[in-house]
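Participant: Listed here are the chains, written in short residue letters.
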Amino acid sequence: MSHATQPLGAPVARREGREKVTGTARYAVEYHPAGRLHGRIVPATVARGRVTAVRTADALAVPGVHTVLTHENAPRLREPDDPVLAVLQNTRVPHRGWPVALVVADSLEAARAGAAAVRVEYESAGHDTVLTWDHPGMYTPEQANGGYPAVRERGDVEAALAAAPVTVDATYTLGGLHNHPMEPHASTARWADGHLTVHDSSQGSTTVRDSLAQAFGLGRDRVTVVSEHVGGGFGSKGTTRPQAVLAAMAARLTGRPVHIALPRRYMPALVGHRAPTIQRVRLGADRDGVLRAVSHEVATQTSRIKEFVEQAAVPARVMYASPHSRTTHRVVALDVPTPSWMRAPGEAPGMYALESAMDELACALGIDPVELRLRNEPAVEPDSGRPFSSRGLAGCLHEGARLFRWYDRDPQPAARQEGRWLLGTGTASATYPVLVSPSAASAHAAPDGSYTVRVNATDIGTGARTVIGQIAAAALGTPQENVRVEIGDSDLPPGSVAGGSSGTASWGSAVHHAATALARRLAEGGGVPPEGVTATADNEKEAAASPFARHAFGAHFAEVAVDTLTGEVRVRRMLGVFAAGRILNARTARSQFIGGMTMGLGMALTEGSTMDPLFGDYAEHDLASYHIPVCADVTDLQAHWIDEDDHHLNPMGSKGIGEIGIVGTAAALGNAVRHATGVRTRSLPITPDTLLPYL
Amino acid sequence: MRPFAYLRPGSVAEAVRVSAERPEARFLGGGTNLVDLMKLGVESPGLLIDVSRLPLDRVVPTDDGGLRIGATVRNSDLAAHPVVRERYPALSQALLAGASGQLRNTATTGGNLLQRTRCLYFQDTSKPCNKRQPGSGCPAREGVHRDLAVLGHSPDCVATNPSDMAVALAALDATVHLRGPEGERAVPATEFHRLPGDNPDQDTVLRPGEMVVDVVLPPAPEGAASLYRKARDRASYAFALASVAAVLTVRDGRVAHASLAFGGLAHRPWRARAAEDVLRGAPATEETFARAADAELAAAEPLRDNGFKVALARNLAVGVLAELTDRADRSR
Amino acid sequence: MDTIAWTDDTDAAQPPPFGDHSTLTLHVNGSDRKLTLDHRTTLLDALREHLGLTGAKKGCDHGQCGACTVLVDGRRANSCLLLAVAQDGRRVTTIEGLADGDRPHPLQEAFLERDAFQCGYCTPGQICSALGMLGEAEDGFPSYVTAPDTAAADGPVPLDAEEIRERMSGNLCRCGAYPRIVEAIEDVTP
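Residue numbers (the numbering used here), protein chains in the order written: chain A, 1 to 695; chain B, 1001 to 1332; chain C, 2001 to 2190.
Think of the hints as simulated: they come from the structure by calculation, not from any bench.
Worth double-checking, as some hints may not be accurate.
Unchecked claim - Simulated restraints, written as ranges between beta carbons of each label pair:
#, chain 1, residue 1, chain 2, residue 2, range
1, B, D1305, A, D169, 22 to 28 angstroms
2, B, V1060, C, P2190, 30 to 36 angstroms
3, A, R119, B, D1305, 29 to 35 angstroms
As the list claims (entries may be wrong) - Covered stretches of chain A (chain C as the covering partner; in silico rule of three or more C-beta atoms under 8 angstroms from a C-beta of chain C):
#, segment
4, 11–17
5, 21–28
6, 96–110
7, 392–402
8, 455–466
9, 593–606
10, 619–626
Glycine included, C-beta positions come from ideal geometry on N, C-alpha and C.
Looking at chain A on its own, in the form it has when it is part of the complex (with noise of 0.2 angstroms):
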């Protein structure tokens, strides 16, 4: 079998696409391990207040059950890494749906009828859920999510807005979204002398090692997690989630291997979702379109035990030029479960903002919302100063303006129509940071030619095992399929989190340098001896502080039919366009793109989370209630790029993907929705409920 060696940027097919196509890649649940017993958790049903007492005797009655894990019974822990960890220690009740009892049972239909007999009494508080602007218990904190400063002002804005001949000043609200990736968070935990190993659906399992290691008491090397096959996470599985622990647990207690899958049911209060938030976007610009003044305010939510919150202004740093400007977020902790990472936090709420108000301005200038975007370039990144390593964001609008045809649109709001359809046009820019975190890897170089990368990466469908290969296979100058990628295992060199499309820099910079190391071994010659040559290497240059702001962009457009009679929006086509450094492979990027760009049409069209302020909890509980988009719904979907070479990112030059789609997808939604029907949703989804009163 020969096969040529092949540049980085084809088209290579998924590894483990095979088994995949095939039911035979396994995933977190479906080890069996002898013996293996199922865990369920019950979840508290009050929002706040305190487990006055578990009564576990009926339960522990049904056939099947061994055993009730409660807070007087559970094994201590060490105090978390993350305090959503911290489960069964005591009788606090921080939300509803947080775990009061696990029940543990040899099979799954045991265990369910175990969990629906324990009987758990409160004593409840009343409780706090619904976010507002001017809540009482708004402060300001010191960063908001990924360590930005949460306030940032540079020169006068409210002088400048008051001096603007044309302004914008709109509110925008979004209630909560969830992650909903199509596996449900679940672990396989076990023990044997003293090592404890878990299968777990994780982002990324060398972090989940270091969460069980501290909250059991253990050194590193006494916990493995591994992650081979992951079904999805979209963030919600980038931090260690409860079940992790409970089966942990379990299995200690028990002796015996624990199983524990959430039921979907579970999900929306306990494994991170995006907060809702409320975000004022004022802008103040010259009748040229030229900004003078940029305002992003934004209010949002936390839970009572941990304080994240969703950096949605922080785009606003990083877009436009403006002589004055303050990006500025405040939280409130209530009796809620506690919001985390969803696909681009950040930038997708803060986005969805910024960019309708830029069509807002756009339409109130009578300025091409392509035009007023590009009219407002900065030559450096607005915030820092910094010089940007490369921006291609005006690059994207150029071209997608051309390949969606564009500039055949009459801005004229509500005068397209065909039969019941009202058609509308709308765009959007889009942008993410390049984030690179700390990763370790190693190359082998085995006697008989073949190669082997190690490294704890994940691949929860991004492609990051075969793109692995192709980078080991470039810089060791072999086909890829003389490569042989170990990863999603936490005995492998340490590897990030597959979140905050940073996985391909920090893996892959550490994978190219072990691979070049090994290349470089091998090129001085005495050939490899039996047991092979090893090389090891870390990401520790492409993980330090850059000079440079860097960031990819992107551009969206869409075509939306409105229909009159009932409000219903249907996409007729999405176009997005993105500069994210050097595409490396191009098969899985497409997918990434439009996956991203998928979940932002659910964004903007089908999904919400509606706080119930009866109960203090997220109403929609199943996949029948929380609209996720169906095949039906994406239609005339493409995705393209502009490769870009700069030289500032990694040896590999590129940038991360998996999120940008999903940013500024729903406000280019919500402009085609405007221009369609010259009605101005400044909330989302856009369903018939919102839409249909204003046609």
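Let chain A serve as the given structure and place chains B and C on it in line with the hints.
Facilitator: Okay, now just chains B and C, sitting in the frame of chain A:
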């Protein structure tokens, strides 16, 4: 889910007899809703009587030119039946508007009629619900109710019936045939489902031990066309925010026959008699259709967050009646 | 197909049972599998937990995502909502049963070729659903978007992208591979 016994009866008579003897029993058809509700703890039968293999899986013409549909006919088979497609297209469309291909392959005619509300409180055993637990209260009235009833609700319940098929059956003047310990009886589809009143735990007029054995469609009215249309939150695989089934005959520009039913608005498919009164004999114009819809929807009492359903239902009705009129014009 | 013998004699019935387990036979991917199962066990859990066939996935366990789709007597169904005991005697085809020896099914090849998946968790259900869907169209089953005049005609329903999208809407894909899935199915559509 508690353990349960399982019986596959050899006949309808046996099924009904056992059901009458064992109040903890439930009939199992396709199970697409019952098994779902058992997992949620909403239903906890002690015995399942699996009627899915009883010989009730046929669609046969009736002597008077109608159609008799067995209770265990699968939704997808019924939707694909040539006579249904040709003479009762609203029924075929309603079935195809519901659920997914997989679910339609499994769900039965009888089971579809008996599916229960998707009210989020009904499905959540950690919250009160008068339908699930009489007397416990109805939080939906003040809570999350965007998807719930605007017509015929009561202080005790604002749930909606989720079926698409049942809306078409109501408009088509179908009859539901039941067999119980005391014999057989027939109930008009429009009266099979109840309004909630003060006992919302009863979805239908079924008596203990009774099972649905078939549904009979009368002959399609001469020259009538029918249509089903549904509005929802995504393009497919979602319950109706509102829907309408209409059967219309237009002669000489006037409505000769009209029957109209709404879905997604009430505890039962809502046969729009007041609208039909306006339509009958009136000019087949959008003005008439709007007046008819308004006459029906005047009785609506929307809750805080579901007022949009009134306009939605009105627009759907006008749109569907106009489309049927257009078709009649074109085919002439 | 099944071996149930029907009796018309209403009095021949057995007294109603009280047990909560039954022994049953499933014909899975061509093999007879005899199992004694709790009545509560779904077909999905029987496959995954008792037969070691973990290809069918549990995404929601309530018939709302399609990840558990298998073919039962040749027709696609959500195995999470089917009680195993009620499937006694039926033919069940799972993703593990599609390949012809080492040769993957053309749909599996098409999904690979089109990169019609990312995380892979919905993929077995998508492929089984597509297989069932192609058969339904071949058998003339209409969909919500089938034009009424097509619907009235006999014979196969031609599958364009709109038809495929509607018919595949019972299989959620959170990675958003839908356009690629539609292309993959188009590749094997007659």
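Participant: Would you mind marking each hint as holding or not holding in the structure?
Facilitator: Comparing the hints with the structure gives:
With their beta carbons about 27 angstroms apart, B/D1305 and A/D169 fall inside the hinted range of 22 to 28 angstroms. At about 32 angstroms, the CB distance of B/V1060 to C/P2190 agrees with the hint of 30 to 36 angstroms. At about 34 angstroms, the beta-carbon gap between A/R119 and B/D1305 stays in the expected band of 29 to 35 angstroms. Counting residues of the segment 11–17 of chain A whose beta-carbon sits less than 8 angstroms from any beta-carbon of chain C gives 4, enough to reach three: the coverage restraint holds.
Three residues within the 8 angstroms Cβ limit are the bar, and the segment 21–28 of chain A against chain C gives 7, so the coverage statement holds. For the segment 96–110 of chain A, the stated coverage by chain C holds: 3 residues have a C-beta nearer than 8 angstroms to a C-beta of that chain, and at least 3 were required. Check result for the segment 392–402 of chain A against chain C: violated, 0 residues qualifying (beta carbon to beta carbon below 8 angstroms, three or more required). With a cut-off of 8 angstroms between beta carbons, the segment 455–466 of chain A has 4 residues touching chain C; three or more are needed, and the interface restraint holds.
Restraint check on the segment 593–606 of chain A versus chain C: 6 residues with Cβ-Cβ distances below 8 angstroms, three needed, restraint holds. With 3 residues having a beta carbon nearer than 8 angstroms to a beta carbon of chain C, the segment 619–626 of chain A meets the requirement of three or more and the stated coverage holds.
Going down the numbered hints, you'll see the structure goes against just number 7.
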